[in-house]
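J.: Protein sequence lines, in the order shown, are assigned to chains F and Y.
Residues 30 to 227 in the numbering used here are what the first sequence spells out, letter by letter.
Residues 13 to 261 in the numbering used here are what the second sequence spells out, letter by letter.
Mixed in with the good hints there might be a few duds.
Sample of chain Y residues facing chain F (criterion: CB under 10 Å; computed from the structure) [stated by the list, open to error]:
hint	residue
1	R153
2	A154
3	L155
4	D156
5	A163
6	Y166
7	R167
8	P180
9	S211
Simulated coverage check for chain F against chain Y, where a stretch passes if three residues somewhere in it have a Cβ under 8 Å from a Cβ of chain Y [as the list claims (entries may be wrong)]:
hint	segment
10	34-46
11	182-196
If you're looking for bench data, these hints aren't it; they were derived computationally from the structure.
Here a beta-carbon is modelled for each residue, glycine too, at the ideal position from N, C-alpha and C.
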Amino acid sequence: MIRADIKSKSFNGTPVLGRVAFEIAPGETLALVGPSGIGKSTLLRILAGIDADFEGSVERPDALAFVFQEPTLLPWRSVLKNLLLPHPDLTQDQARDMLVRVGLEGKEGLFPGQLSLGQQRRLSLARAFAQAPALLIMDEPFVSLDSETAEVMLRLTESLIADHRPATLFVTHDTREADRLADRTLTLRSHPGGAVID
Amino acid sequence: MQAARLIPFLSLAGLLLLWVVAAILTDDAQILPTPWTLVPLFNQELVSGELLTHLGATIIRVIWAFALAMTLGTALGLVMGRSARVNSWLDPWLVIFLNLPALVLIVLCYLWIGLTEAAAIIAVTLNKVPNVAVVIREGARALDPDLDAMARVYRMSWLTRMRHVVFPQLAPFIAGAARSGVAVIWKIVLVVEFLGRSSGIGFQIHLYFQLFDVAMVLVYAFSFICVMLLVEWLILQPFERSTRRWRTA
Ligand SMILES: Nc1ncnc2c1ncn2[C@@H]1O[C@H](COP(=O)(O)OP(=O)(O)OP(=O)(O)O)[C@@H](O)[C@H]1O
Ligand SMILES: [Mg+2]
Numbered sequence: 030m031i032r033a034d035i036k037s038k039s040f041n042g043t044p045v046l047g048r049v050a051f052e053i054a055p056g057e058t059l060a061l062v063g064p065s066g067i068g069k070s071t072l073l074r075i076l077a078g079i080d081a082d083f084e085g086s087v088e089r090p091d092a093l094a095f096v097f098q099e100p101t102l103l104p105w106r107s108v109l110k111n112l113l114l115p116h117p118d119l120t121q122d123q124a125r126d127m128l129v130r131v132g133l134e135g136k137e138g139l140f141p142g143q144l145s146l147g148q149q150r151r152l153s154l155a156r157a158f159a160q161a162p163a164l165l166i167m168d169e170p171f172v173s174l175d176s177e178t179a180e181v182m183l184r185l186t187e188s189l190i191a192d193h194r195p196a197t198l199f200v201t202h203d204t205r206e207a208d209r210l211a212d213r214t215l216t217l218r219s220h221p222g223g224a225v226i227d
Numbered sequence: 013m014q015a016a017r018l019i020p021f022l023s024l025a026g027l028l029l030l031w032v033v034a035a036i037l038t039d040d041a042q043i044l045p046t047p048w049t050l051v052p053l054f055n056q057e058l059v060s061g062e063l064l065t066h067l068g069a070t071i072i073r074v075i076w077a078f079a080l081a082m083t084l085g086t087a088l089g090l091v092m093g094r095s096a097r098v099n100s101w102l103d104p105w106l107v108i109f110l111n112l113p114a115l116v117l118i119v120l121c122y123l124w125i126g127l128t129e130a131a132a133i134i135a136v137t138l139n140k141v142p143n144v145a146v147v148i149r150e151g152a153r154a155l156d157p158d159l160d161a162m163a164r165v166y167r168m169s170w171l172t173r174m175r176h177v178v179f180p181q182l183a184p185f186i187a188g189a190a191r192s193g194v195a196v197i198w199k200i201v202l203v204v205e206f207l208g209r210s211s212g213i214g215f216q217i218h219l220y221f222q223l224f225d226v227a228m229v230l231v232y233a234f235s236f237i238c239v240m241l242l243v244e245w246l247i248l249q250p251f252e253r254s255t256r257r258w259r260t261a
């Protein structure tokens with residue numbers, strides 16, 4: 030079970046999040062929406078354990094994957110290494126299969142800087158799904174892609190989620206995206222003591 | 013382009029010419045011998061084995077002090093760059109050590125530890141650690157927090173993180189610290205040998221200084237400068253280039 034029970038989160042005394050509590054059932058997909066700067070990324074970072082400086086508690090599995098707003102790859106390591114380093118148990122063959130799955134066959138020896146932004150995003154997706162995560166967190170994974178590439182990525186993500194059935198929480202600005210991927214939608218809205226869920 | 017590559021050689025030839033002219037004008041081999049009078053002396057020292065013995069002794073000290081200073085300085089800089097708390101505690105120490113004259117550290121090390129090999133190497137190391145730490149601290153502050161978060165989310169081991177996430181980002185800083193490190197260390201090693209060792213280039217220079225033998229001082233000094241230039245060209249510069257290779261791929 031994945032459970033967040035955040036009482037408050039502030040940066041240097043400025044409250045960002047107020048009371049935010051929710052659960053994600055195994056295999057369930059949740060969209061997180063809200064205006065820019067409300068604290069969506071902050072909430073994801075707390076859930077992932079990247080930011081531990083908050084009041085409240087979070088319960089999450091160890092097998093965790095995060096698709097960041099930026100691809101966040103290691104620019105000095107090859108495509109294949111970018112997949113293997115976070116997943117040392119993965120065999121070379123499994124890694125290559127995963128690259129084929131996201132449409133990066135033949136690119137294993139390139140550096141991330143030699144890939145297009147869309148391809149970097151695919152690699153970031155491959156990294157997230159490489160070892161069947163129990164919890165998948167995505168921060169606007171399709172932002173700043175042209176609509177065609179975004180559609181391809183969306184379909185790819187849909188099929189990967191269908192195959193692996195992780196519990197998923199993802200941020201989006203696009204209600205269409207939320208409707209397509211998510212079983213439920215959480216909306217953050219502003220509140221004097223920090224953003225809360227509707 | 014061709015002409016531009018010739019400039020360093022022309023410039024060095026100019027320096028050599030200046031030396032010859034000065035030597036001829038001085039007209040006293042006791043004070044400034046001509047370059048060619050050094051050649052037989054150099055040969056004599058080489059054949060007798062004296063040169064290589066002392067060169068070897070100095071190089072071993074340089075390697076020890078370099079390895080220690082880089083290791084300690086990198087660890088210190090990394091911790092200080094990543095933790096504001098540690099930094100605020102250690103920064104005043106760093107400032108003091110940075111401003112302590114090399115000579116004071118050397119003399120104190122000899123006085124407290126004795127005229128030993130360990131004291132010599134410690135003195136050189138302590139002289140260099142603060143500089144390395146300062147450079148690496150800059151690098152540690154520039155580490156990408158997003159990559160850090162990524163490494164944490166995917167539960168990379170400490171070793172993997174260091175090798176594949178942190179070190180590649182620090183590499184240009186480490187290469188910079190290494191280059192300036194070698195340059196400073198070998199100069200301090202000579203001083204340490206001059207003051208309290210009975211082997212090494214610095215010791216030989218001390219010996220011939222007391223005999224007022226300028227030619228021999230020059231022979232030993234030049235031999236060592238040549239070795240350090242080789243280290244710079246054959247080891248340090250290629251290493252620096254290799255740390256940048258992924259950028260130009
Ligand atoms: N490290 C930080 N230090 C101080 N303030 C921060 C920090 N990170 C975020 N904030 C503040 O917290 C608030 C929420 O930021 P967050 O990135 O979570 O917003 P968001 O909902 O993800 O916005 P967007 O949709 O634009 O990505 C913002 O006002 C931001 O300025
Ligand atoms: Mg955000």
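J.: Taking the hints in turn, state whether each one holds.
T.: Status of the hints after comparison with the structure:
no.	hint	result
1	R153	violated, 19 Å
2	A154	violated, 14 Å
3	L155	violated, 13 Å
4	D156	holds, 8 Å
5	A163	holds, 8 Å
6	Y166	holds, 4 Å
7	R167	holds, 7 Å
8	P180	holds, 4 Å
9	S211	violated, 42 Å
10	34-46	violated (count 0)
11	182-196	violated (count 0)
Checked against the numbered hints above, the structure breaks hints 1, 2, 3, 9, 10, 11 and satisfies the rest.
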